[in-house]
Amino acid sequence: MESLWRSTCPMPAFPPLCGPLAAEAAVVGGGLCGLLTAFALQEAGLETVVLEAERILSGASEGTTAKITAQHGLIYDRLLSQRGEAFARGYAQAQQHALARYAALVRTLDIACQFERKPAFLYATAPSPALERECAACERLGLPVSLTGAAALPFEAAQALRMEDQAQFHPLRFGKALARRLTVYEHTRVTGVHAGLLRTERGEVRARHIVLCTHFPIRNVPGLYFARMHQARSYVLALDGAPDVGGMWRDASDGGYSLRNAGGLLLLGGAGHRTGRHPVSSSFRLLRDAARTWYPDARETARWSAQDCMTPDGIPYIGRYARTLPGVYVASGFNKWGMTGSMAASELLCDLITRRRDYPYARLFSPRRLSRPEIVYSFADAPRCPHMGCALQWNPDTRTWDCPCHGSRFTRSGRLLDGPAVRDACWQP
Numbered sequence: 081m082e083s084l085w086r087s088t089c090p091m092p093a094f095p096p097l098c099g100p101l102a103a104e105a106a107v108v109g110g111g112l113c114g115l116l117t118a119f120a121l122q123e124a125g126l127e128t129v130v131l132e133a134e135r136i137l138s139g140a141s142e143g144t145t146a147k148i149t150a151q152h153g154l155i156y157d158r159l160l161s162q163r164g165e166a167f168a169r170g171y172a173q174a175q176q177h178a179l180a181r182y183a184a185l186v187r188t189l190d191i192a193c194q195f196e197r198k199p200a201f202l203y204a205t206a207p208s209p210a211l212e213r214e215c216a217a218c219e220r221l222g223l224p225v226s227l228t229g230a231a232a233l234p235f236e237a238a239q240a241l242r243m244e245d246q247a248q249f250h251p252l253r254f255g256k257a258l259a260r261r262l263t264v265y266e267h268t269r270v271t272g273v274h275a276g277l278l279r280t281e282r283g284e285v286r287a288r289h290i291v292l293c294t295h296f297p298i299r300n301v302p303g304l305y306f307a308r309m310h311q312a313r314s315y316v317l318a319l320d321g322a323p324d325v326g327g328m329w330r331d332a333s334d335g336g337y338s339l340r341n342a343g344g345l346l347l348l349g350g351a352g353h354r355t356g357r358h359p360v361s362s363s364f365r366l367l368r369d370a371a372r373t374w375y376p377d378a379r380e381t382a383r384w385s386a387q388d389c390m391t392p393d394g395i396p397y398i399g400r401y402a403r404t405l406p407g408v409y410v411a412s413g414f415n416k417w418g419m420t421g422s423m424a425a426s427e428l429l430c431d432l433i434t435r436r437r438d439y440p441y442a443r444l445f446s447p448r449r450l451s452r453p454e455i456v457y458s459f460a461d462a463p464r465c466p467h468m469g470c471a472l473q474w475n476p477d478t479r480t481w482d483c484p485c486h487g488s489r490f491t492r493s494g495r496l497l498d499g500p501a502v503r504d505a506c507w508q509p
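Quick note, the sequence shown lines up with residues 81 to 509 if you use this note's numbering.
Hints listed in this document are in silico derivations from the structure and should not be mistaken for laboratory results. One should not assume that every hint holds.
Said to hold, decoys possible - Label-pair ranges, simulated between beta-carbon atoms:
id	residue 1	residue 2	range
1	Met468	Pro224	42 to 50 Å
2	Glu104	Thr373	40 to 48 Å
3	Pro224	Cys506	52 to 60 Å
4	Asp438	Arg365	48 to 56 Å
5	Cys506	Leu366	31 to 39 Å
6	Arg479	Ala102	39 to 47 Å
What the hints assert, rightly or not - Here are the simulated lysine to aspartate or glutamate pairs, DMTMM-like style, with alpha carbons at most 25 Å apart:
id	residue 1	residue 2
7	Lys256	Glu212
8	Lys256	Asp369
9	Lys256	Asp431
10	Lys256	Glu82
11	Lys256	Asp393
12	Lys256	Glu104
13	Lys256	Glu134
14	Lys256	Glu196
All C-beta atoms, glycine included, are put in the ideal place defined by N, C-alpha and C.
Please model the entire structure based on the sequences and the hints provided.
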């Protein structure tokens with residue numbers, strides 16, 4: 081199940097850590113968020129290293145559909161009503177600024193990553209007052225939107241909210257260009273996080289500043305992030321012979337489909353569910369059935385699955401990890417919008433660490449804000465997750481054991497694929 085991005089972008093290999101190391105800053109996690117953060121810190125003059133448990137860009141960054149957009153579902157009407165205009169406007173401006181920063185990096189570093197300006201669409205299959213309210217909210221906040229039709233879709237849709245001048249790209253080609261400019265250690269799993277110290281299977285790393293970009297934070301206390309997020313999976317097919325849909329499309333309601341073109345292919349996504357709670361039917365089968373109905377002459381060339389951290393209020397946690405863990409920072413909970421979220425995190429964290437300026441939207445993403453707890457525990461008779469002992473569920477689409485509590489994933493034999501667990505599970509297959 082290799083993603084389109086992985087199959088079209090051979091990655092360089094980086095060495096594992098060999099013994100103790102000291103640096104000014106250490107970034108844990110070699111996904112796009114970690115690489116962007118390390119790049120920002122290095123550009124600011126800090127000696128920075130990246131520690132990756134497996135291969136860089138092999139997790140959520142490889143599974144993304146790579147839409148760089150400020151259109152994050154029906155978020156702005158909700159933010160206006162729940163958090164006020166200043167908060168909603170700041171969130172919108174942070175996303176647009178992240179988009180502009182991508183464009184600037186692609187240009188100044190001359191990165192060939194298929195960066196394209198495209199409109200983003202949020203569609204509804206029936207007349208939707210919610211979509212109309214979202215349009216009014218976006219217009220109030222200065223976002224470039226309009227209500228339009230949805231003729232490019234292969235099924236009937238009543239209307240769509242169009243946001244102009246957004247972007248899409250090849251995430252691994254972009255990340256690869258950043259990684260070549262950084263000091264990276266692969267196959268170096270961090271197993272312990274302390275103030276000024278990281279413990280790995282290959283030696284200790286001492287750093288004044290530590291940033292956890294591990295998708296899901298790997299330290300439970302302090303912070304209690306395991307009780308403040310859950311993880312969700314989604315699925316993607318790449319189709320050859322399907323038409324150009326003219327932009328990036330996403331259903332305004334939960335459970336719908338997303339579509340966008342990439343390199344002559346159409347990416348059809350959807351059939352998502354909470355990690356560890358796989359539905360009875362196959363998610364890939366649902367996508368294939370839809371593809372056969374809408375594009376009977378198209379051919380499947382790739383399929384893959386992705387995982388996202390979801391916060392109760394839909395806003396990422398970016399900032400200081402906890403008051404009692406000085407010098408440690410976190411970026412997590414991007415709610416399926418990890419492209420702009422990762423860029424916002426890199427700038428916010430760099431500004432916090434270097435104190436060169438005050439990131440104008442820092443308070444929006446503060447991990448200290450109150451949120452509804454996400455405490456879940458599973459007692460089923462099944463293999464157990466070594467993170468907190470939850471019973472794992474078998475996912476037949478990805479052929480993995482998945483944790484329904486916090487989203488850790490393991491191979492059939494128990495090898496760790498995704499955290500927050502930091503060690504393999506032990507059982508007899």
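How the hints compare with the structure:
1. Met468 to Pro224: 42 to 50 Å: 44 Å, holds
2. Glu104 to Thr373: 40 to 48 Å: 55 Å, violated
3. Pro224 to Cys506: 52 to 60 Å: Because 53 Å falls inside the window, the suggested range holds.
4. Asp438 to Arg365: 48 to 56 Å: Roughly 50 Å apart at Cβ, these two residues keep to the hinted range, so it holds.
5. Cys506 to Leu366: 31 to 39 Å: Check passed, 34 Å falls within 31 to 39 Å.
6. Arg479 to Ala102: 39 to 47 Å: 41 Å, holds
7. Lys256 to Glu212: 40 Å, violated
8. Lys256 to Asp369: With Cα atoms ~35 Å apart, Lys256 and Asp369 exceed 25 Å; violated.
9. Lys256 to Asp431: Status holds; Cα separation ~24 Å.
10. Lys256 to Glu82: 17 Å, holds
11. Lys256 to Asp393: 32 Å, violated
12. Lys256 to Glu104: 23 Å, holds
13. Lys256 to Glu134: OK: Lys256 and Glu134 at ~15 Å, within 25 Å.
14. Lys256 to Glu196: Distance of about 18 Å is within 25 Å: holds.
Figure legend: structure checked against the earlier numbered hints; hints not met, in rising order: 2, 7, 8 and 11.
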